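One line per chain: the protein sequences are A and B, in this order. Under the working numbering, residues 528 to 640 are what the first sequence spells out, in order. Under the working numbering, residues 51 to 164 are what the second sequence spells out, in order.
Derived from the structure by calculation, the hints contain no laboratory data. Honestly, I wouldn't trust all of these hints.
Distance condition first, Cα-Cα at most 25 Å in a straight line; then the derived DSS-like pairs of lysine-lysine [to be verified]: (1) A:K567 <-> A:K598; (2) A:K571 <-> B:K76; (3) B:K76 <-> A:K567.
It should be emphasised that the depicted structure is a prediction, and the values quoted were computed from it without experimental measurement.
Residue-level listing of the chains:
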Amino acid sequence: DTAVSQTPKYLVTQMGNDKSIKCEQNLGHDTMYWYKQDSKKFLKIMFSYNNKELIINETVPNRFSPKSPDKAHLNLHINSLELGDSAVYFCASSPWDLNNEQFFGPGTRLTVL
Amino acid sequence: SQQGEEDPQALSIQEGENATMNCSYKTSINNLQWYRQNSGRGLVHLILIRSNEREKHSGRLRVTLDTSKKSSSLLITASRAADTASYFCATPHDRGSTLGRLYFGRGTQLTVWP
Numbered sequence: 528d529t530a531v532s533q534t535p536k537y538l539v540t541q542m543g544n545d546k547s548i549k550c551e552q553n554l555g556h557d558t559m560y561w562y563k564q565d566s567k568k569f570l571k572i573m574f575s576y577n578n579k580e581l582i583i584n585e586t587v588p589n590r591f592s593p594k595s596p597d598k599a600h601l602n603l604h605i606n607s608l609e610l611g612d613s614a615v616y617f618c619a620s621s622p623w624d625l626n627n628e629q630f631f632g633p634g635t636r637l638t639v640l
Numbered sequence: 051s052q053q054g055e056e057d058p059q060a061l062s063i064q065e066g067e068n069a070t071m072n073c074s075y076k077t078s079i080n081n082l083q084w085y086r087q088n089s090g091r092g093l094v095h096l097i098l099i100r101s102n103e104r105e106k107h108s109g110r111l112r113v114t115l116d117t118s119k120k121s122s123s124l125l126i127t128a129s130r131a132a133d134t135a136s137y138f139c140a141t142p143h144d145r146g147s148t149l150g151r152l153y154f155g156r157g158t159q160l161t162v163w164p
């Protein structure tokens, strides 16, 4: 009955590889997000989708491409991985309202060697 | 930037003591939220306080908001070892063009010793 789920939980890969992280929410929310949390725990938004439409696209390298096949799923594909991409990536969802209370997934720890 | 900043960065107390964390932000808000993150886990929403509220309670949590000073505090009373976590304040942007954006501070790491 997990509300926001992400796979995989851990991802270890070599520089230059392409990888994907999947996210699904069963809360019926309209909006989904990807955040990156660095080693100092700073949480920065990367992307946001509302009803499969991209609404927030922060200054993120174009090696990162989000895909939303439906409003319950938001996947993150990363091309040509670099050492600096190592971080914990969190997916979140929220209703589309001004409260913007967000529900987070458990995170995916990406390590690029 | 509307980013919130928590203070202190780290707080270490004994079980049973109260823990107070502060958050300051920069521009107008319609609400402020506090989240908790246990080690290795995702963030969990704790409490939301609206801009027209000054204080809100939820169990052992008490949140205050002072919009004139652009600051908020989170008080955890009678702390327990299980309260050990990072605590973040977050403010949503209240303008339509950036609806959905939530700004997080860098968090306060709370350690509660048994």
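Each hint tested on the structure:
no. : hint              : in the structure
1   : A:K567 <-> A:K598 : 31 Å, violated
2   : A:K571 <-> B:K76  : 17 Å, holds
3   : B:K76 <-> A:K567  : 22 Å, holds
Consistency note: the structure conflicts with earlier hint 1 alone.
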